[in-house]
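Put chain B on the given structure of chain A with help from the hints.
So the protein sequences, as listed, match chains A and B. When we follow the numbering used here, the leftmost residue of the first sequence carries the number 1, and every step to the right adds one. When we follow the numbering used here, the leftmost residue of the second sequence carries the number 342, and every step to the right adds one.
Worth double-checking, as some hints may not be accurate.
Stated by the list, open to error - 35 Å max Cα-Cα, derived DSBU-like pairs, lysine-lysine:
no.	chain 1	residue 1	chain 2	residue 2
1	A	Lys-42	B	Lys-640
2	B	Lys-383	A	Lys-42
3	B	Lys-643	B	Lys-657
4	A	Lys-157	A	Lys-118
5	B	Lys-667	B	Lys-657
6	A	Lys-316	A	Lys-326
7	B	Lys-498	A	Lys-42
8	A	Lys-316	B	Lys-347
9	A	Lys-42	B	Lys-667
10	A	Lys-118	B	Lys-383
11	A	Lys-6	B	Lys-657
12	B	Lys-453	B	Lys-383
13	B	Lys-643	A	Lys-42
14	A	Lys-302	A	Lys-157
15	B	Lys-459	B	Lys-498
16	B	Lys-459	A	Lys-42
17	B	Lys-657	A	Lys-295
18	A	Lys-157	B	Lys-383
19	B	Lys-657	B	Lys-636
20	B	Lys-667	A	Lys-6
21	A	Lys-42	B	Lys-636
22	A	Lys-326	A	Lys-299
23	A	Lys-316	B	Lys-643
24	A	Lys-316	A	Lys-157
25	A	Lys-326	B	Lys-453
26	A	Lys-299	A	Lys-316
27	A	Lys-326	A	Lys-295
28	B	Lys-657	A	Lys-118
29	A	Lys-302	A	Lys-112
30	A	Lys-42	B	Lys-657
31	A	Lys-316	B	Lys-383
32	A	Lys-326	B	Lys-347
33	B	Lys-383	A	Lys-302
34	B	Lys-383	A	Lys-299
35	B	Lys-667	B	Lys-643
36	B	Lys-636	B	Lys-453
Stated by the list, open to error - Pulled a few chain B residues facing chain A out of the computed Cβ check, cut under 8 Å:
no.	residue
37	Ile-388
38	Ile-397
39	Thr-471
40	Lys-475
These are computed hints drawn from the structure, not numbers from a lab. C-beta atoms are modelled at their ideal positions from N, C-alpha and C, and glycine is treated no differently.
Each chain, letter by letter, is given below.
There are 2 protein chains.
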Amino acid sequence: MYSKPKLPDSIQLAHGSGGLMTRELLDEIVFTTFQNPYLEQKHDGAIVPLEGPVVISTDSFVVSPIFFRGGNIGELAVHGTVNDVAMCGGIPKFLSLSFIIEEGLPTSDFLKIVHSIKVAADASGVQIVTGDTKVVESGKGDKIFINTTGIGSPHPKGRIAMEHVTVGDQVLVSGPIAAHGMAILSEREGLEFESEIQSDTTNLNHLVDDLLQNFGPAIHLLRDPTRGGVSGVCSEIAQDSDLGVVLRETDFPIDPQVSAACEILGLDPLYVANEGILCAIVDGNDASEILSFMKGHAKGSKAACIGAIVEEHPGKVVMESSIGGKRIVTPLIGEQLPRIC
Amino acid sequence: MYSKPKLPDSIQLAHGSGGLMTRELLDEIVFTTFQNPYLEQKHDGAIVPLEGPVVISTDSFVVSPIFFRGGNIGELAVHGTVNDVAMCGGIPKFLSLSFIIEEGLPTSDFLKIVHSIKVAADASGVQIVTGDTKVVESGKGDKIFINTTGIGSPHPKGRIAMEHVTVGDQVLVSGPIAAHGMAILSEREGLEFESEIQSDTTNLNHLVDDLLQNFGPAIHLLRDPTRGGVSGVCSEIAQDSDLGVVLRETDFPIDPQVSAACEILGLDPLYVANEGILCAIVDGNDASEILSFMKGHAKGSKAACIGAIVEEHPGKVVMESSIGGKRIVTPLIGEQLPRIC
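Looking at chain A on its own, in the form it has when it is part of the complex (with noise of 0.2 Å):
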């Protein structure tokens, strides 16, 4: 009934307003790639069946660039808060959408993206409920930032606590540390290696709930070692828990081209993000069955045992080198690489 503009090449401002141009801007693309019914209901919100209790994460995505090797903003953002609902042992099922767009973002782009979400959310199990699209003037954004807070329902048999890790559990990370912050350093312009280093980017949520279903009470704590790396969760965990942890330098399963990497740009792995692997702090009685049972399974394959909780030096991390000698592990103070997520 009223003339409908075209999608024109790029993103406008007048996509943010609310007014027809959004509509248009949601009904081509975004509506059409998620169609489910309760974007159906076209409601401000959505309401979905999900029986409590719900646990919920949020994440913004603002990585530089937004398509990088192994993935994109939007294939990420799905992940990120996937995977964040599962490390609290929650099984996702939902998640919420909201686009900040820079004004002249190609709209072929945002297709591109919008796209991956629809892949990654299917892939993960998980329906895209509600949503929201803002635009902000050129210059006052980058590109496209991305929030997904996702909501799903805890794991019947997931125990995942602070208070239940103890002396004597075993550090386990379920893949190659340090895939993600590399490739995103890769792409940065000056900053381009010959190797094509992939980010690690996927969900884990199938993981966890396969590692909940059979060891349940087991798997003390998860925590996916995003911003701050693998250094970051652990010394978050020797704080919070009042324990030791130790880690063996040796036992860190690291593809050599990000070895290779870091050790060129003067960066410890350590602390590189990474978007596909989880930490799982488990029963040191059951660690090997765990162990093994990751490296069976395909988000896993290259899982390792790369440390243990210790009664020794409480709050903190120590590290034993290649070399044999010892040396506390800092948390990150500041930014070591800016916008990786």
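Frame of chain A, contents of chain B only:
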């Protein structure tokens, strides 16, 4: 155990690192302000008690300027999402809170905003249970963007759905229109009015709760006329219900200062954003009783009946003007006032 850096005068890139400085910022400002048992889980998410089904809504706020007469981006971010949950017939209970801060934001501004969020959340009866903080380089954002995602439960007496809108329904607004958009505009450079128009930003969930409690199924649809204004909401209703909407210009409540400012700037108040009023489409038989109830409510003292749902001109909104004419109200196509929320 580690020497703690003191909070500097402005937010730095390192505050988004996920390292010690992020934790410092969160501990000193965010956790201290919002303290509750859910945040203290210090997971990457929260587990909250909520019976299903779950109402969920999300909004990213990019309003410029971030401080304006009558409010700031912080309380706006609470009210906006709380109201969206309420408009779906939900009782909002919990909010996630995610910041994208531009490096250089004065820490005192951040503190003020966080404080406003706390006050608004308390007044709205919701708790901030999980969050995220990202920092982008100077020039890659605009001071601060905030995403909130709200979850809650459907009101037991709510029967809100587009399919309940029917011929004979009356269109009520809970207060004077166009205040928020004009307050924002009047703050912007070069558009200072002598009058001090205030944003109407406020929570509407208690009003909705009381309306549903007392009139349940007679409330057919609720919408908050934010971006796109009352015109946007009415156009959507006409299109989605395939019925006509008649509005009476003389019956619109509007503050004389707001009206004057609209006239000076050539803006139609019907398209200007509101952040503290709702449009209710209610059963014609109960409309006058519902209107009286609204007028007796703290959040609806200036409520008015502004129109009706009719069989004629399906899909269209027709305005009966003050001088007796009729005109079709088209929805806003593009951008009237960018970044008002």
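Cross-check of the supplied hints:
1. A/Lys-42 with B/Lys-640: holds (26 Å)
2. B/Lys-383 with A/Lys-42: It holds: about 34 Å lies between the C-alpha atoms, which stays within 35 Å.
3. B/Lys-643 with B/Lys-657: This hinted pair holds, its Cα atoms lying about 27 Å apart.
4. A/Lys-157 with A/Lys-118: Answer holds: A/Lys-157 to A/Lys-118 is near 29 Å, not above 35 Å.
5. B/Lys-667 with B/Lys-657: holds (12 Å)
6. A/Lys-316 with A/Lys-326: holds (12 Å)
7. B/Lys-498 with A/Lys-42: Judged against 35 Å, a Cα distance of about 20 Å means the pair holds.
8. A/Lys-316 with B/Lys-347: Measuring from Cα to Cα gives roughly 21 Å; hence the hint holds.
9. A/Lys-42 with B/Lys-667: Holds, at roughly 29 Å.
10. A/Lys-118 with B/Lys-383: holds (30 Å)
11. A/Lys-6 with B/Lys-657: Holds, at about 21 Å.
12. B/Lys-453 with B/Lys-383: holds (23 Å)
13. B/Lys-643 with A/Lys-42: The given pair, whose Cα atoms are some 28 Å apart, holds under the 35 Å limit.
14. A/Lys-302 with A/Lys-157: Distance ~25 Å between A/Lys-302 and A/Lys-157 Cα, so the pair holds.
15. B/Lys-459 with B/Lys-498: holds (29 Å)
16. B/Lys-459 with A/Lys-42: The hint holds at about 30 Å.
17. B/Lys-657 with A/Lys-295: Violated, at about 61 Å.
18. A/Lys-157 with B/Lys-383: Holds - the C-alpha atoms of B/Lys-383 and A/Lys-157 are around 20 Å apart, at most 35 Å.
19. B/Lys-657 with B/Lys-636: holds (29 Å)
20. B/Lys-667 with A/Lys-6: Distance of about 30 Å is within 35 Å: holds.
21. A/Lys-42 with B/Lys-636: holds (29 Å)
22. A/Lys-326 with A/Lys-299: It holds: about 31 Å lies between the C-alpha atoms, which stays within 35 Å.
23. A/Lys-316 with B/Lys-643: The hint is violated at about 61 Å.
24. A/Lys-316 with A/Lys-157: Holds, because 30 Å separates the two Cα atoms, which is no more than 35 Å.
25. A/Lys-326 with B/Lys-453: Measuring from Cα to Cα gives roughly 45 Å; hence the hint is violated.
26. A/Lys-299 with A/Lys-316: holds (29 Å)
27. A/Lys-326 with A/Lys-295: Judged against 35 Å, a Cα distance of about 28 Å means the pair holds.
28. B/Lys-657 with A/Lys-118: holds (34 Å)
29. A/Lys-302 with A/Lys-112: Cα-Cα ~30 Å, so holds.
30. A/Lys-42 with B/Lys-657: holds (18 Å)
31. A/Lys-316 with B/Lys-383: Roughly 18 Å separates the two Cα atoms, so the pair holds.
32. A/Lys-326 with B/Lys-347: Cα-Cα ~30 Å, so holds.
33. B/Lys-383 with A/Lys-302: holds (28 Å)
34. B/Lys-383 with A/Lys-299: holds (26 Å)
35. B/Lys-667 with B/Lys-643: Measuring from Cα to Cα gives roughly 25 Å; hence the hint holds.
36. B/Lys-636 with B/Lys-453: holds (33 Å)
37. Ile-388: holds (5 Å)
38. Ile-397: Result: holds, 6 Å to nearest chain A Cβ.
39. Thr-471: holds (6 Å)
40. Lys-475: holds (5 Å)
Hints 17, 23 and 25, counting from the list given before, are not met by this structure.
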